[in-house]
Amino acid sequence: MSVEVNSLPIIKSAIERAKTNVKANERNSAQLSSMRTTVKKFEKAVTDHDDNAAELYKAASSAVDRAASKGLIKTNKASRDKSRMAARLAKANA
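For the sequence shown, counting from 1, position 11 maps to 12 in this note's numbering; every step adds exactly one.
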C-alpha cells in the first residue's frame, strides 16, 4: 500500500486520496480478474461439453453484472458478453 516516492504528495488530502486510489485499484483489479476467471471457466465448460455449463453460465453472468454495477466494465460490454455467453450455451445445448 505504498505510493511511489518520486510522486509523493505533500498536501494531507492528496496523501489520503493516493492511499485510497491504491486500495481501490487493488480491489478493482481483483474483482475484474475474478470476473474474467469465471467467464473463462464457463467457456471451457462449453467447449468441453460439461454438464455444469448452465450453472457456470449463471455464475459468469452474475460476475459480469457485478462488474458492470461497480463500474469496472461498461453496461454495453456487460450486455454484449452475456449475450454471447447465452448464445454459446444455447448452441452447446442444441
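Worth double-checking, as some hints may not be accurate.
Distance ranges between label pairs, derived from CB positions [to be verified]:
(1) Lys-20 with Ala-91: 18 to 24 Å
(2) Lys-45 with Asn-22: 32 to 38 Å
(3) Ser-70 with Glu-44: 45 to 51 Å
(4) Pro-10 with Asn-94: 50 to 56 Å
(5) Arg-85 with His-50: 14 to 20 Å
I should point out that these hints are in silico values taken from the structure, not numbers from a laboratory.
For each residue, glycine too, the CB sits at the ideal point set by N, CA and C.
Verification of the hints:
no. : hint                           : in the structure
1   : Lys-20 with Ala-91: 18 to 24 Å : 46 Å, violated
2   : Lys-45 with Asn-22: 32 to 38 Å : 34 Å, holds
3   : Ser-70 with Glu-44: 45 to 51 Å : 22 Å, violated
4   : Pro-10 with Asn-94: 50 to 56 Å : 55 Å, holds
5   : Arg-85 with His-50: 14 to 20 Å : 18 Å, holds
When held up to the earlier numbered hints, the structure conflicts with 1 and 3 and fits the remainder.
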